[in-house]
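Enquirer: So the sequence shown is residues 109 to 343, counted in the numbering used here.
Calculated directly from the structure, the hints in this document are not laboratory data.
Yeah, the Cβ is synthetic: ideal placement off N, Cα and C, and Gly gets one too.
Be aware that a few hints might be false.
Mimicking DSSO-like on lysine-lysine, the simulated pairs with C-alpha atoms at most 27 Å apart in a straight line are [what the hints assert, rightly or not]: (1) Lys-285 / Lys-160; (2) Lys-285 / Lys-253; (3) Lys-160 / Lys-171; (4) Lys-285 / Lys-271; (5) Lys-161 / Lys-303; (6) Lys-222 / Lys-139; (7) Lys-286 / Lys-139.
Restraint-style ranges between C-beta atoms, simulated for each label pair [to be verified]: (8) Ala-324 / Thr-142: 25 to 31 Å; (9) Asp-323 / Asn-113: 26 to 32 Å; (10) Gln-121 / Ala-184: 39 to 45 Å; (11) Glu-282 / Thr-149: 28 to 34 Å; (12) Thr-149 / Met-109: 37 to 43 Å.
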Amino acid sequence: MQELNNQAQDIEQLKEDILGMMDQVLSQLEKAKTALEESDTNIANEILALEKKVNATDISIVKSCENILALYAPVASDLRFVMAVLNISNQLERIGDHAEGIAEYIIDEEINIKFSKKILEGVRFYEMFEIALSMVSDAIYGFTKEDTEILKWVFGKDKTLNKINKKIPEIISENTKKKPEPLKQNLYLFSIMKKLERVGDLAKNIAEETIFYLDAKIIKHKRAKKYKEFKNPND
109 MQELNNQAQD IEQLKEDILG MMDQVLSQLE KAKTALEESD TNIANEILAL EKKVNATDIS
169 IVKSCENILA LYAPVASDLR FVMAVLNISN QLERIGDHAE GIAEYIIDEE INIKFSKKIL
229 EGVRFYEMFE IALSMVSDAI YGFTKEDTEI LKWVFGKDKT LNKINKKIPE IISENTKKKP
289 EPLKQNLYLF SIMKKLERVG DLAKNIAEET IFYLDAKIIK HKRAKKYKEF KNPND
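Just need the whole structure built from these sequences, with the hints factored in.
Expert: Next comes the structure, spelled out in structure tokens:
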């Protein structure tokens, strides 16, 4: 009986730890958007400071998962939960890495690039960042509330994000032809947009892991056509 109580306590603590990591990573991503829009190095430095906390939390969660598996050999839903958290922690850490990468572009004096609102609008930066943010937020909400319907929205939004991403090389190429001088700027902008596309993929992975934990179903190989494409209400 005592062992079961200890297991329940450790799993509850693990849940609190992963929720804390989710908040940290979402904050990083939100700050990355603001830092890029405002070319704010102070906010960019906050992202780097948060990254250290995220990495430390990730290491702690991995150790906790390993300890629970070794000490209690959990089964059924407890086992699925621990395995899901182990994978979700990795996806969150990688999202944090992308936020950190954006921050480094802003801080690096050798790059020293400021993006105008016109340029950002041209590649649909604002729309793409908002969708990526909402995907991460939905994935976190779905995990927290154990709501698989919210989690399924992530897949539809990912289809929209990919559509926008496919058009970016053509748009940037046209910009480069019109104004060859900002080539460096366009290359870094392309890299940033690719990071957002990857953030969407990672949010989708979190949704998959959570649904597997909740429903014991692996959905990553199901056809994406099942999920409706996310429509921007402003369109």
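Enquirer: Go ahead and decide if the range 28 to 34 Å is satisfied by the Cβ distance of Glu-282 to Thr-149.
Expert: With Cβ atoms ~30 Å apart, the hint holds.
Enquirer: Lys-160 and Lys-171: Cα distance at most 27 Å?
Expert: 17 Å, holds
Enquirer: Would you check the hint for Lys-286 and Lys-139, treating anything up to 27 Å between C-alpha atoms as holding?
Expert: 32 Å, violated
Enquirer: At the C-beta level, are Thr-149 and Met-109 separated by a distance inside 37 to 43 Å?
Expert: 55 Å, violated
Enquirer: Just to be careful, I want the Cα atoms of Lys-285 and Lys-271 compared with a cutoff of 27 Å; is the pair within it?
Expert: 23 Å, holds
Enquirer: Evaluate the given range 25 to 31 Å for the C-beta pair formed by Ala-324 and Thr-142.
Expert: Once the Cβ atoms are compared, 39 Å apart, the range 25 to 31 Å for Thr-142 and Ala-324 is violated.
Enquirer: Within a Cα-Cα threshold of 27 Å, do Lys-285 and Lys-160 meet the stated pairing?
Expert: 40 Å, violated
Enquirer: Does Lys-253 sit within 27 Å of Lys-285, going by the straight-line distance between their CA atoms?
Expert: 49 Å, violated
Enquirer: Using the Cβ atoms, figure out if Asp-323 sits within 26 to 32 Å of Asn-113.
Expert: 27 Å, holds
Enquirer: Does the alpha-carbon distance linking Lys-161 and Lys-303 stay inside the 27 Å limit?
Expert: 21 Å, holds
Enquirer: Does the Cβ pair Gln-121, Ala-184 satisfy 39 to 45 Å?
Expert: 19 Å, violated
Enquirer: Does Lys-139 lie within 27 Å of Lys-222 when you go C-alpha to C-alpha?
Expert: 16 Å, holds
In summary, the structure is inconsistent with hints 1, 2, 7, 8, 10 and 12 from the numbered list given earlier, while agreeing with the others.
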